[in-house]
Amino acid sequence: MADDTLFSQVLDPANRADPYPLYARLRETPVARQSDGKVVVSTHAAIRSLVFDPRLSSEDLPPSRRPRTGNPLKDWFLNPLKDRVANAHRPLIFRDPPAHDALRGFVMAEFGVERVRALHGRVSSLVDALIENCRGRDEVCLVEDLSYPLPVAVICDLLGVPEADEPQFQAWATQLATALEPDARGDEATRRANVAAFDAIASYMRALIKAKRRHPTGDMLSGLAARGASGEARMGEVDLISTAILLLVAGHETTVNLITNGMLTLLRHPDELERLKSEPARAPRVIEELLRYEPPVHFRTRKALGDIDIGGTIIPKGTAIILLFAAANRDPARFADPDRFDPDRPDIQHFGFGGGLHYCVGAPLARIQAEIALLALCRRLHDPRLLADPPPYRPGASLRGPEMLGISITGIT
Amino acid sequence: MSGTPEPLGIAIVGASLAGLRGAEALRLNGYDGPLSIVGDEPYRPYDRPPLSKHVLAGELAAGATQLPNLVSLDARWHLGQAAIKLDREARIIALAGGTALSFDRLLIATGAQARPWPDPEAARLSGVHTLRGRDDAADLRAALVKNPGRVVIVGAGLIGCEAASCCRDLGLPVTLIDPNPTPLARSLGGAIGGVIAGCLRDAGVDFRPGTQVRALEGDGAVRRVALSNGAAIDADLVIVALGAVRATGWLAAAALMADAGGVTCDGACRVLTADGTAVPEIYAAGDVARWPIPLYDGRLVSIEHWGNAVEQARHAARNMLAAPDDQRPYDHLPAFWSSQFGINIKAVGLTEGADSLAVVQGSLAARRFLAVYGQAGRSIAAVSFDEARWLPAYAERVAARRPFPPIRDANDQPAITSLPPGFPPPRAARHHGVAMGGAHG
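Line by line, the protein sequences are chains P and F.
According to our numbering, the first sequence is numbered sequentially starting from 4.
According to our numbering, the second sequence is numbered sequentially starting from 5.
Okay, chain F solo, but in the shape it has when bound (with noise of 0.2 Å):
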């Protein structure tokens, strides 16, 4: 049924990370009005990093996982019912449970989900598994501690690598499909993500590079992993790792400029309409948001990791509480964390369009280095290898958008030489502006 419009206010759609800290900024930047915030999963918002890490791993149980509150929010909350459409002509929001929400102001923190495998009656096979939420997590730990046969883990992606991580530290079998030569390629490119190849084969992983999967076979149960070469692999286990699409099918009705790739906003985080005009009540912040990044040129961008969903989300509540004559631009240094095979991987920047590759600290054999990329001459993103305390000097320059390579003469600097980065050729659009794909953090 349908009920009495909620009283007006200021909705949070999206009960995650970006939704949590949103609604903290605006009720320390002063808005003492209603607050809504609605979220798909039953769950208060908790933090995603340590699923494919700690909880895995068996370290740390799914539900431990809740973020704690940093502010007294005083908000209602709608969990576990998803908003299905926006109308955005009436400000009313439509929830599962037949609830229908007005707001004067909407932040949309949807976030985003895990591409499913494509075959719906395969990905529905059970021992078919991906790893986004808590609730995946904990079925994938619960089946892992099973100890399956052979864990099939489609996607060399960092979500992907963690998992073969924590798989083989659990002792399972594993094996590895991507269709690029490395893993890791379209976030860190071939020259990186050989070494995590390295810790593959080390960790004895099977790694089948250049490959893709057919199809995913079995009888209620997934049985076999068929690969385009012809060849078949035995699993009992499969996850399907094959990184996100953003969370906006609800707004398929509004008119806005939303896709599989994001919401597109503009520099100050507001919406924009099919036909590009911004929506000056309507928001968007986090891994849905689409927009245009200041420090790499105002390329339309939709960053899926955590420092972004803080920091946008502040951003946006700010803004949303400003005069329109006082909507700030949104700039943000992109930047991540994974760790897998015992190493700590740090990165900052975005390294889509590399053209080089240059090892500034440490050694990519000893697996402990620190490594810029550079594009027509300039510093454009750096990851390191165990070696984050350096980060920070090379995410200055970076920002800054000093030359390639940006610091000569350090300690343990060995003779720099410009390398090709190994980026794969792009894909054709699956979704477009997405950075380092598949990531979390």
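If we strip away everything but chain P, and leave its shape as in the complex, we get (with noise of 0.2 Å):
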């Protein structure tokens, strides 16, 4: 069947570097069924209607191979999209209403814009510091020398994760971002590497919640800790470890992405990274371009709680659905000249922090990591390069992003 050599041929890491005319042959089927009885879709139209629709679920995925832990927990996280876990303590991300809701709104209370707002000025000082590591170099490499180490550092200033225990964080976040790729095919040792990573941070993560209710410092964990207190609401302390480690992992690998994939465009656009320079105030709109144009997430996959019907076509009970956001992004039924990079058109609606229900929580944080570095990188870096187009890619088709991004420099500012 021809739609299902497509949505393979997404997955093959061969196409990595430019799966975009593959998810334009994708559309001209907008509901695809694959052989493996998954459905793609991909039409903006379609997703739109899709993730406003209350028969997606997000639970009680179909089951894996993978072994189980037998730890539920840990079962959510390294079997993330495949294993049928208990739903218990599951993070909001594979929840649905009414539990996600409540989980959720624990979150976004403690994630408003003040909080958000309050990062404004670490995250610069990280970016000049990181940039001015590179001083003295002629080459930056953008994922090791700023995209990764950023947002870490970001989320451990959020949650609230002391200065000292950053590298340790770093390296268990690093290690457990190549589990949350729904692609992923880890070897063994990989997936016990990932185990005794997640055991570790799980266990420090515990203390620092313990610690945090004691000694509330300001911080996000702090508040998620302190809830229930006067009798309100309260988290459970597994929920809140899920959550914590859900928003390390999720914020860290898609900012990677969000700030890589959107210097390789700039430096693949330089009329665009010239303007970006002179006109700072155009960051906002280049960056949801950018969201829209090279999304850091290209699909996620849900359930149909019941028969759909979409554009003619019924999906049944229990189908898994890819709803393939960045192919949304593209589709020239919604957006005029998809395939060009341009941060003027007036429709920008993308699907780059998904859409509905699942509605990136992190969006706000995103944004401003990304205006703030790209800005920082187009002002300092004197005559910047790419070294190699295209890069290498990381092999995640969905976490897509390149595996690390090389640019010459002449000096930095």
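Careful: at least some of the hints might be erroneous.
[Unchecked claim] Taking lysine to any residue pairs in the SDA-like style, the calculated list, with each CA pair at most 25 Å apart, reads:
id, chain 1, residue 1, chain 2, residue 2
1, P, Lys-320, F, Glu-45
2, P, Lys-320, F, Arg-393
3, F, Lys-57, F, Gly-208
4, P, Lys-320, F, Asp-416
5, P, Lys-320, F, Glu-400
6, P, Lys-306, F, Pro-407
7, P, Lys-306, F, Arg-412
8, P, Lys-213, P, Ala-102
9, P, Lys-306, F, Glu-400
10, P, Lys-320, F, Gln-417
11, P, Lys-306, F, Gly-208
12, P, Lys-306, P, Leu-25
13, P, Lys-320, F, Ser-367
14, P, Lys-320, F, Gly-208
15, P, Lys-41, F, Arg-412
16, F, Lys-57, F, Glu-45
17, P, Lys-320, F, Ser-422
18, P, Lys-306, F, Pro-396
19, P, Lys-41, F, Asp-416
20, P, Lys-320, F, Ala-419
21, P, Lys-320, F, Pro-396
22, P, Lys-320, P, Cys-144
23, P, Lys-320, P, Thr-8
What the hints contain is simulated information worked out from the structure, not anything from laboratory work.
Since the model is a prediction, treat every value here as computed from it, not as a measurement.
The two chains are supplied separately, each in an independent frame; assemble them into the complex guided by the hints.
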């Protein structure tokens, strides 16, 4: 079946650098059934309708062949999308209403405008220091030098992880990130390393939460841990740990790609890079267009709780549905000249942060980091040029981004 | 004095949401001739939904509700000059200040007025308020902050309930009186109205269902509200929230099909003469327009909601500039919202004629739910209490005339059972075709 071949090709690392021609062909069948029973949805209209459909579930996804660990918390993490594990204690991206709403409510209450705004200065000084580290070199390795370390440090700050523990946290985050990829195929050694990292971070979190309860420090984890003290609803300890780990991993992996894809795109469009440099006020438009043009997350999987009629097709109850957000972002039925990077386009209603119920909780924080990082890179790097185009990509088809991005420079400001 | 007629062009009578969006649509569609906009209030177009919410609560000044201009209009504004007469043959509008305004084409967007207390003398007592315009809201807010004694609200429709909610937030004692068994009975039915009745109770509102008000009594200022059951309630402030009547008085001599229920139009928003002929150069939009709505099989309705004012005005403006053989029919999915007692209420469709109701997500007990109204097996409307995120999915089904109930196997879905929606029997036609009476949004 032709459609089937197309999505297999999307998963094939050989097509990682430019999956967009495949997406264009997939869009010809907006709801494309695969031979394994999954359905791939790729047009803007169909995805828009589905993310607001109450019959879409993020729970109880089809079982995988991975072994269970016996620890449900570990299972959701190590078998994130494929294993049918107990729903209790899965974090909110794997939950439906009403449980999802309660968990999300806790997080949103601690993820307010003030808290995000307060991180502005911290992000700026981190970015400046990371760029400063490159002084004297004629080459920047963007992922290693900036895209990777920045989000982890910011999330540590947000959660309230002491600065001294950050390097350790960073190591765990890097290890666990590999397990979040929906199409990851880790070998036994990777799996063991993931389990070890998971156990380590979970017990670290447990201790940290206990400490925050005793001595609140004004950060998100203190806020989450303090809830319930005066009788209102509270988050259970296991939920708290799983939420903290989710924030770390989800906020981290995606932001890395947003910054790296962003710089890659600007280097491929030098006029835009120059314009951004001279008109910093363009940054929000540039970021939104990046989220459309090269989004950090290309697809997510859901399940149909009932028969869903869409675009003349019935998706049967129980079907796994792949929402191909990145294809919808390039849908010519919605966006004029969709394959052109154009921050001035009047309509940028992208799915770069997903959509509907599970719309990215951390979107404002991601926007701030991308804006500050890209503006600083444009301003401070002298004569930046790509060393390899396309760059090598990480294996993931969903959390898609370069593994490294070498940029030659003649100096830094 | 009667001046020289203004140059011809397009006139819009009504300077509220529909008038403004209609004017903008004319310009966006390329109309570059003279454009006059007439408004009876002295203000540029402003937004009404906040008046019964944020303005009463003191979060927003009544004067801070001006609507943004989305397009440069280059219009002649005649504000504070109500249109008092339409001479259809001569194509002249007489304004209250004596101006005579000539036009080639006319958009009627005069909206509606608060239905006054039927006894004009009692309605003039100080302390008796209605709530429709900016000045009404400013006056009412000023009266509320003087910490009056008991506030009596007559009518438990959307405006009455929103006002009750605001007054309780301000700590004022409130009595709410309605002839129906529950609040919101006409717009949402008794089953859903019962949820708001619970909110009223929890908020400490003295709710008097099944009760009529016989008279407002006082001596210059209102003192008492006399009930039909013989009881009386002492009151320092009365809010009369009895819905709205369409502002069509100025059309009385124009031989149009116009009354307190609106001015009747054909499907393309052209007004009809008394003998049922469409007038090619006169259109109507917004609250004042009564038209055969295709989605409900051509039933004549006038929709008092924000979204209709915007869409219908744009549609009418488009047709005004189009050739006679290119007049497109106007269809619309009615929608409104309300916020009261900390609950965000949103609804789509027309509930009139519903014979069944099903809660499809959440629960009435939790006051967080989505419910669908059915009529003869078809989904005709849906309402959400703090569940607006799923409403578009149901709206799509209502617009597509899907069976009732429309969606099974949703998340957080209870066992679906069909309940009687609990609408009161139709009242004697004060004005017919009014959907979801008393709403604003």
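Consistency of the hints with the structure:
1. Lys-320/P with Glu-45/F: This hinted pair is violated, its Cα atoms lying about 56 Å apart.
2. Lys-320/P with Arg-393/F: Roughly 22 Å between the alpha carbons, so the hint for Lys-320/P and Arg-393/F holds.
3. Lys-57/F with Gly-208/F: OK: Lys-57/F and Gly-208/F at ~19 Å, within 25 Å.
4. Lys-320/P with Asp-416/F: 16 Å, holds
5. Lys-320/P with Glu-400/F: Satisfied, since the Cα-Cα distance of roughly 20 Å is no more than 25 Å.
6. Lys-306/P with Pro-407/F: 24 Å, holds
7. Lys-306/P with Arg-412/F: 15 Å, holds
8. Lys-213/P with Ala-102/P: Holds. Lys-213/P to Ala-102/P sits at ~24 Å (cutoff 25 Å).
9. Lys-306/P with Glu-400/F: Holds, at roughly 21 Å.
10. Lys-320/P with Gln-417/F: The hint holds at about 15 Å.
11. Lys-306/P with Gly-208/F: 44 Å, violated
12. Lys-306/P with Leu-25/P: Holds. Lys-306/P to Leu-25/P sits at ~23 Å (cutoff 25 Å).
13. Lys-320/P with Ser-367/F: Satisfied, since the Cα-Cα distance of roughly 24 Å is no more than 25 Å.
14. Lys-320/P with Gly-208/F: 46 Å, violated
15. Lys-41/P with Arg-412/F: 21 Å, holds
16. Lys-57/F with Glu-45/F: 21 Å, holds
17. Lys-320/P with Ser-422/F: 23 Å, holds
18. Lys-306/P with Pro-396/F: 20 Å, holds
19. Lys-41/P with Asp-416/F: With Cα atoms ~24 Å apart, Lys-41/P and Asp-416/F stay inside 25 Å; holds.
20. Lys-320/P with Ala-419/F: This hinted pair holds, its Cα atoms lying about 17 Å apart.
21. Lys-320/P with Pro-396/F: Since the Cα atoms of Lys-320/P and Pro-396/F sit roughly 21 Å apart, the hinted pair holds (cutoff 25 Å).
22. Lys-320/P with Cys-144/P: 47 Å, violated
23. Lys-320/P with Thr-8/P: Given pair Lys-320/P, Thr-8/P holds - Cα atoms ~24 Å apart, limit 25 Å.
Of the numbered hints listed earlier, those contradicted by the structure are 1, 11, 14 and 22.
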